[in-house]
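Chains D and L, in that order, give the protein sequences. For the first sequence, the numbering used here gives the first residue as 1, with consecutive numbering after it. For the second sequence, the numbering used here gives the first residue as 1, with consecutive numbering after it.
It cannot be assumed that every hint is accurate.
[To be verified] Simulated restraints on C-beta separations: (1) L/E73 - D/L172: 43 to 53 Å; (2) D/E78 - L/S292: 46 to 56 Å; (3) D/T65 - L/R81: 45 to 55 Å; (4) D/E42 - L/P137: 37 to 47 Å; (5) D/P174 - L/E86: 24 to 34 Å; (6) L/L297 - D/A88: 29 to 39 Å; (7) D/P283 - L/A78: 33 to 43 Å; (8) L/L297 - D/T65: 57 to 67 Å; (9) L/A78 - D/L172: 31 to 41 Å; (10) D/G257 - L/R81: 26 to 36 Å; (11) L/P137 - D/P161: 39 to 49 Å; (12) L/L165 - D/E259: 40 to 50 Å.
Source of the hints: derived by calculation from the structure; they are not laboratory data. In this text, a Cβ means the ideal position worked out from N, Cα and C, and glycines have one as well.
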Amino acid sequence: MKSLKLPAVSRRGFLGGAAAIGGMTALGLPRAFAAEPEKPRELIVRAWGGSWVDSLKAGVSDSFTKLTGIAIRHDLTEDNEIQPKVWAAVAQKRVPPIHVNWDTTTNATKSALRGVTEDLSDLPNLANVTELAKPVGLDGFPIVNTYGYVYVLAYRPSAFPNGAPKSWKDLLDPKFKGRLAFYNDGIGFHFPAQVAGGGKLDDIPGNMQPAWDFIAKMKEQQPLLGEDPDFTSWFQKGEIDAACTISTNAREARKNGIELAWVVPEEGAKFDTDGLWIPKGLPENELYWAKQYINHALTKEAQQVWLDGLGLPGVVPGLTPPADLVGDPSYPTKPEDFENLIRISSKVQVENESEWFSKFKAIMQG
Amino acid sequence: MRTAPKSYPLSWRILDALERLAAMLWPAGLKGAVPYVMLAPAVLLVGLLVLGLFQIADASLRTLDTTTFLFSEDYSLANYRRALTEPLFAAVAWRSLMAALIVTAVTLIFAFPYAYVMIRTRSPGLRKLLLIALFLPFFIGQVVRAYGWLIILGNQGMVNEALGLVGIAPMRLLYNYPAVLFGLVQYMLPFAVLMLAPALTAIPEEFEAAASSLGANWVRTFVHVVLPLARPGFIGAGVVVVTLSLTDFAIPAILGGGSQDFIANAIYDQFFRTSDQGLGATLTLMLVALGSLVVGLVFTLFGAGTLAMGRARR
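Whole structure, please, built from the sequences with the hints as guidance.
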């Protein structure tokens, strides 16, 4: 097991550390790390709002506070909006505005490529995680992926009286004109559109014309374009019948009493990951505790509660799926579950995402 | 007989002391500099904005390297080339400009009678009512108002429910261009009324009475007397509404359903969605240029209106 490098330890820090020996065991740390540096009063963790932050709080933040006494403040600034602030802080050698960023792997990879992320390779609990935790196409662990998720086809069952949609092409039925929704940059839909348009995944990113052709057809359906909260709102208010969205949003909407189901269509659905990372420029003691937070997020206990809330498969072996998601295609656990899911490396996504977003926007805004 | 010192009020003594202090801090010889000193905060503020524009201009000349997500050290016009050649930006710019012009025209048409009645009414009660109705929206932010329209105009909103009562099936009233224009007009109306009101106040009522006594009906009086004299108000209101509409972000984002982006939405996408601050900066400068061009054109053709603080009336 790898060891965390410790900075100079103050007396106060040592005493504080001694008091937390019990907690350290639960954090998955050996007793040698009990002589930890001074604890900050709080750590700031950027998170998404709604059920996302509720799940993080219940699974990771509250238990971390209980173990260490360090309060966790959740900063709900959008991931896209915190990014330039962190980049600017690191470039200007200021202390960054957050300690831990809960981010999409694609966005986090941009930050890693820019060199603003701390190396997390020395987290002890990385010894117990699956391959999913490792960011693809990057050296070491500038990010730790913490779970995977699927961009499913969520639909209102009453709008599909003949049964669940089998293909993304089913959405081209004229009766769904104005009754569909996608993310406003098309995220989650580019890759299945490539297949639905008759193209091959191997042609990504070189030739994505089939995807653009299919998206152009879909544009004729006059879909709504929005963000996570919009989908729930639109389903709730009867504005849409189907959407390409993350399964967590669909599940949350269903929990709130909205008539909703979801499928992974025959062309497949995009599988992606989110992760945690730490920006450079933190004081040594705060960096240490930020790493402990991520290390704690990789324990089986924290993952179980956090991801039960999100309804997503984690990166620690032996997690139990929530009862309502056993056998669900949006909760892949076995290799065969991934056969119909589309996973493209973060590096390819990062290098081409801007162009894909522009292309999608050009079609939809035209 | 001299007044007893105790009759000299305390407030006067304080004022005397303050005057002495002011004379000590700002000698009479510097009196001529007072206007410039008072202007200093505004100059500083504008200076900061100009400094920001220089930084934006610098960023606009740098391209993003998506293998490192750092910006180029060298300057190039690549972002400007993209902004001018990609159909997305042309579509968004055209939509924004058209919306600004349509919203300005419609808003002025609605704002004028409102302002006219508010100024000319003999009923204090009606004037108060119109003033309250005018200022109330200012206490409600733009975003909240836009969400209000979602509730009213949605598929299950009040309007569709009312239509349902007479047997009309729910129809899509939101998430299209007309919905965005509607939201903008509603947002801009108070601004336009506020800009028109001073111009109408400055028109003596006697002018209208004189026209009437000379045989002009109300239409002729309105066309030949009121409208020409209200021109400064129209120009001031028009400039404010056209610039605010052209640069709006929230209304297109909320009422447009994601498919009716304006330039500001495209700028947001570049800064925060694709991390391409160079292209975002380019679009920002082009929006500033477009807005300045429109305002410059209005000033050249019609003068500065009420924004000239009375100079136009000389």
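What are the numbers of the hints that this structure violates, sorted from low to high?
2, 10 and 12
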